[in-house]
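Colleague: What follows is each chain in one-letter form.
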Amino acid sequence: MSDLLPAELHAWFAQRGWVPRPFQLAVLSAAGTGRACLVLAPTGGGKTLAGFLPILAVAADHSLDGLVALYVSPLKALAADIARNLQTLISELRLPLSLATRTGDTSRRDRAAQRQALPNILLTTPESLSLLLSHDAASNQFAKLRHIIIDEVHALAGTKRGDQLALCLARLATLAPGAVRIGLSATAAHIPALRAFVAPDARPGSAELITETGGAPPQLSLMLPAGRLPWGGHMGLGAAPEILARITAARLTLVFVNTRAQAELMFQALWHLNEANLPIAIHHGSLEPALRQRVEAAMAEGRLRAVVATASLDLGLDWGDVDQVIQVGAPKGVSRLLQRVGRANHRLDQPSRAILVPANRFEVLECEAAIEGIAAGDLDGDPPRPGGLDVLAQHLLTLACAGPFDPDQVFSEIRTAAPYADLSRRDFDDVLDFVATGGYALAGYERYRKLFLDSKGRVFVRDAGIIRQHRMNIGTIVEAPLLRVRLGRGRGGGLILGEIEEYFANMLRPGDTFLFAGRLLRFRALRENWVEAEDGGTGDPKIPAYAGGRLPLSTYLATRVRALLHDPAAWSALPEPVRDWLSQQSSRSVLPGPDNLLIELFPRGDRHYLVAYPFEGRNAHQTLGMLLTRRMERLGQKPLGFVATDYVLGIWSAEPADDFATLFDQDMLGDDLEAWMADSSLLRRTFRQVAVIAGLVQRDLPGQRRNARQVSINTDLIYDVLRRYQPDHVLLRATRADAAAGLTDLGRLAAMLARVQGRLTVVRLDRISPLAVPVLLEIGRERVRTAASEDALLAEAEALAAEARAQ
Amino acid sequence: MTRAAPWHLGGHRLLLDRAGALVWPERRLLAVADLHLEKGSAAALRGQLVPPLDTAATLARLHALVRNYRPATLVLLGDSFHDAGGHSRLRASDAALLARITSGLTLRWVLGNHDPAPQPDLPGSFHAEHIEHGLSFRHIPGPATAQTPEISGHLHPKAQIALRGTQVTRPCFVIDSCRVLMPAFGTYTGGLDLLAPPVAALFPRGGRALLLGEQSIYSFPFAGRRPRQPDLTGRAPAA
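So the sequence lines, in the order shown, correspond to chains C and U.
For reference, each letter of the first sequence is one residue, going 1 to 807 in my numbering.
For reference, each letter of the second sequence is one residue, going 1001 to 1239 in my numbering.
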């Protein structure tokens, strides 16, 4: 089979004493016969090289002209890094191939040069690819394409960016029917869905599966802070001394945490103890790209001993010889943990070493369950969901910007994209009508239409203004409004540190201290779109939070945690304080079982507490809390508030809860859910994203001052109008679909309620149980929610304000 | 429940309705500010096809108020249309509704910065400022030192109340003894926080914010310009 490899490449491998791996040759063979393939291999296995081998092999034997290979990655930094490595390889092979990157970071000049001629190999992201496809030159530019390499398929499939990429791939299949797709992925759950994503016809069987097994199994261990094991909290700062000791003992450590806020705090905690002045850096998604790149370069050059990082370093190439990974806080899912662990030691024959540092007792259980899950070779992750109609709306306008299209032809094309394989003609027509006219059943609005039909029934765009505006709007990442932070003041200003949410910035008063980019900053002023700050804040800092920062516990891990809890024989792996805690629970109350739902009731102070143990993740618990408190309200039990963690839901009320069969009946997912969802801020937030992606309103670009001519309308107001006058509008349908899948986790909640019907274990206690202590500690730390209407809150606030004045 | 809160200005008793309207019972006068009619179609002209239902929704709410209070005079405090061409984009059904609402009453349009020119094809009279019994009705608020008690719009005030980890943001009246700053009445109108300098500067000695609720109007005092944020959190101030 190795005769697939041209002599030059053979020689190159031989020079290094390497032998092409069988899976790399399998990719070459699949591509050679024009078949798509999906490569599943661990990091460090030569996966990326496998993706580029086919085009290198072709280039060795033929002279090539124009764009022949396209590489798409979810990360701009990854595209840039691959470009550097590939350039070296091409030079060593002396191949006449040109290459370039095209991402959001590409300069105006380079973009202009690419408009004249694209390189032979282009490395890009889904957003930049979509932008390229919006130009009428696209049909010529992409016509000679032979190979399309899709990196990190597992991180894209099932997301809106993945939806967008799938649609772009479908378009490329029309422009360059001969182009072969090569998908690269980490091992993941739902492999058929990943194969379908890569396949040209959305059928899993049409993408050959090429698996590189092997690699030494990772070595995972638990590390607890010295002293008492905390009951609550998620930050894990108590373990900072132990973490620093591990950093000191290793060459380069990656300290992974779960949120950006946690990264800032852990970084501070480590520096506070870092008397030896070890070079330790921080890396997260809100930092200015220049700062992140500096950290990445320092890692690659071996100038750092540790980096505290969030998911921003989950993906990508080797940033250096990481020899140890420390995960602080619960891993939340096995696949994610495996990905992080794989950042250490990119060599297949040596095991990756990782240390898990749980922040509290429940997290000990979760970490142990994750270690067992990895040992069992299991993976978890969300199953695929249908593609978003908002992304489709954006894509249809992108296509129209490139030139007139025939709706029937485009409908067939779109159904070859896996996320849209089951798209109905009705949804397609509704989305197209939305793009053209807004989709309002209203006469007299025709004159504003953006798309027209020509005499042949083809769709075309009204004018160049619409095209210009649309290109500014391409992309599916919608962030909350952000403001950039810089040191110093004035127009020139000093170092730019990154971005914080406007919401957070508005809470700051001059002189306030906040923690960002690893610095204690003093807030000076908000000026235009800038947050001006200076070093040297004092006192208790505020910490910027970002929406959607926390992932919920995976269903798979939840099942394992429940099984672990229920089986005392399995507790031997747990540290002693946790074993004690569980034994006390089983003597004072009962342990939650694998299939039932434990509900504990106890009085405390003048309140009655209900604590339920579903282990279905925060999002599902929050939804459950909202729905249960509504019901309790109706039953006269006077709920006062609730708090949800990944494991447990706690509700307190003025009257004791009762009638649990009614309270937990599955029918809560009917009218109650409708009523709550329609009013909830969650749906408004989701609608905002849908409206921006679908192009209903214009995106706020960071740092861009609002054009005076631009009309800006708050999406909450639009949502209210639409809900009242056209509740079946296609964007509301898209919003409801998103909310059901994401923040409310309705699927999980429904499955849990179905599982526990007739299996409620209700335990009445005279005081709090050991297992309930952590959730009660969350009160005051977490946002406490109630189902109270905004009016009820206003009335209460008004009464409080009046009372305060009367004193 | 308080549908409307009473307030005295220049010796006259006014009612501030939770729908965002000011009522002067003695004069049988109803005033609303910043309707921004046809803002939706203004956005549509620029390629943002938002639901074009804002004018109908705004007029329906105005209609309900007029039926309830049966005023003799209706004062629209400026920016009644979002742009100069707005009135020409009115759909026939909305124009008919506007005519029905205003038939049989004295309609006074105060000119705003978005609609600075009188429109002869609309019913009613046009004024840069309307003064009645010592009260000035104008679009842009006068300086904090102005002598005549005034009722104005333009700034679209809103306020934020934080309680139990939740924030509620609502349009509001901002009032003191010499002015009533009206909330915007339009369906698509945004707002400006009452702590932002343009609003705060009008109330150097503080005042009250009346937040528009679904069932009631909610009153909160706020302090004048001091270094710290006025306490709108509903919490008792720290001792």
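Mixed in with the good hints there might be a few duds.
To be verified - With the Cβ distance kept under 10 Å, some of the chain C side facing chain U (calculated, not the full set):
1. E92
2. D314
3. V435
4. A436
5. G444
6. R458
7. R462
8. A505
9. N506
10. L696
11. S712
12. L717
13. R724
14. E796
15. A797
16. L800
As the list claims (entries may be wrong) - Footprint (simulated), chain C over chain U, 3 or more residues, beta carbon under 8 Å:
17. 1041–1047
18. 1210–1224
For the record, the hints were derived by calculation from the structure and aren't laboratory data.
Just so it is clear, CB atoms sit at the ideal spot from N, CA and C, and this is done for glycine as well.
Colleague: With reference to the structure, classify each hint as holding or not holding.
Modeller: Do the hints match the structure? See the list:
no., hint, result
1, E92, "violated (50 Å)"
2, D314, "violated (30 Å)"
3, V435, "holds (8 Å)"
4, A436, "holds (9 Å)"
5, G444, "holds (5 Å)"
6, R458, "violated (20 Å)"
7, R462, "holds (8 Å)"
8, A505, "violated (13 Å)"
9, N506, "holds (8 Å)"
10, L696, "holds (6 Å)"
11, S712, "holds (7 Å)"
12, L717, "holds (5 Å)"
13, R724, "holds (8 Å)"
14, E796, "holds (6 Å)"
15, A797, "holds (3 Å)"
16, L800, "holds (4 Å)"
17, 1041–1047, "holds (count 7)"
18, 1210–1224, "holds (count 9)"
The structure does not agree with the numbered hints 1, 2, 6 and 8 stated previously, though it agrees with the rest.
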